[in-house]
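Q: Got chain A sorted already, so can you dock chain B onto it with the hints?
Residues per chain are reported as follows:
Protein chains: 2
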Amino acid sequence: MQEDSPKRGNRSLGQGHISIVGLGPGGPQDMTPRATEALAQAEVVVGYRPYVALLGEMTTSKEVVATGMTKEVERCQEAVRRAARGQKVAVVSSGDAGIYGMAGLVLQILHQEGQDRTIEVEIVPGVTAATAAAAALGAPLMHDFAVISLSDRLTPWETIARRLSLAAQGDFVIVLYNPKSQSRTWQLSRAQEIILQYRSPATPVGVVRRAGRPGQQVWISDLASFLSLPVDMLSTVIIGNSQTQILGKWMVTPRGYEL
Amino acid sequence: MQEDSPKRGNRSLGQGHISIVGLGPGGPQDMTPRATEALAQAEVVVGYRPYVALLGEMTTSKEVVATGMTKEVERCQEAVRRAARGQKVAVVSSGDAGIYGMAGLVLQILHQEGQDRTIEVEIVPGVTAATAAAAALGAPLMHDFAVISLSDRLTPWETIARRLSLAAQGDFVIVLYNPKSQSRTWQLSRAQEIILQYRSPATPVGVVRRAGRPGQQVWISDLASFLSLPVDMLSTVIIGNSQTQILGKWMVTPRGYEL
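Taken in order, these protein sequences are the chains called A and B.
Residue numbers for the first sequence follow this note's numbering, beginning at 1 and rising by one.
Residue numbers for the second sequence follow this note's numbering, beginning at 1 and rising by one.
Isolated chain A (complex conformation) (with noise of 0.2 Å):
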């Protein structure tokens, strides 16, 4: 656990309180008002370098617990120890904090430890990056879709498999979460395969580089070739159903209203 601000020693200010925070995509605009709130009233903020650093000037004058990748668990117990010392602690996350964010964490570690009953517990939902990658590309998520991380870390390659083969027999539009990185260099090219079983190769596939944050990138692509496109971790790949269509510059899943 490495600090990035000096501690301001253990203030024990009666009953503790955790705030799971999402920040939204990354800009202030899109981050809400209830978030904004949270933070101000925490008097320390945790969460993974790159996320507490979205916030900048909202953690001057307060402590900061930043760590990096795959910390996650170190990063939770800190915050629930804190709480338990009495301070008001904000657990922040990209997006919204219960899509593959800390919510869950939290709330298990709470629960190990005993203290789900002596510390409070707020969840302030964000703007998840599904909503913000579609919304740069139009309108993909009118109709029913599924969320997958592409993220083995966690979850064995074959129950990531099974559901991308599930969800495109189904003909939901599929958001990929966690499509790429430098370790995770196979994975989406598998999905793209999967998928293909299945799905048209002229299906559209957005790709929303930063979504909502700035530098932005979007594209608009097809099943067959998307892979081309430059996905990294700050991606959400999203691909079409057999409705999706591409109308002009946008990307559209129409939801069937006869026009």
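Hints may contain errors.
As the list claims (entries may be wrong) - Covered, in the sense of this in silico footprint (three residues per stretch, anywhere, with C-beta under 8 Å from a C-beta of chain A), are these stretches of chain B:
(1) 219–229
(2) 242–252
Claimed, not checked - From the derived model, a few chain A residues whose C-beta atoms are all more than 10 Å from chain B:
(3) Arg49
(4) Glu78
(5) Leu229
Don't read these hints as lab results, they were simulated from the structure.
Using N, Cα and C, we set each Cβ at its ideal position, and we do this for glycine too.
A: Leaving out everything else, chain B in the frame of chain A:
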């Protein structure tokens, strides 16, 4: 088309503009600054009457085109007509405008009428019901999930039933939008039957009514019993997967971290 406020004339102010705005679950605390700003800039606000009503004073001094349920097409056509005249229009949906909201329809109409190059469009994402409900329940969406609407107004029931079955087979957490209404009475129990073919009756099920709005109600039940809860058209239903647990008062789908 019914108008809730008198027309204020056809001001033509150059290029028309449409913001398609997700209001979030309902309270001002969960509406993003970008949504608030888009509404502030708009001359005309178009939406389903109850959602426009949620905005309260934010629509004072604006022209309001509020229509009833099932009038989505008329509403979006009117929005495009106004923008074609050069007005600044905000089309509002509760939650996220791109998830079973108005975004797709507006883009389709713009394209059909050849206005997609002349009218500027901005899509403002919001906090969708799935994440607002999840935050009220704990952290049920920490792993892959499927979002399915039980409304068979525009989608054949066979398609919905097939998606329910495949999502259940894939061990997706399942989020049900539009689970029930005065006329939609049998679909939820049919969904229960389908999911029970693949999932234990003890599977945790969460129901949130008025998620994120005043009077929010939250219940945690199980797949065998949840039909006894007062689910209605203001409710979101989240059906856990094989890993979902009830931890104290929270519903949590662990992501697989070792604790």
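Q: List, from low to high, the hint numbers that the structure doesn't satisfy.
A: 1
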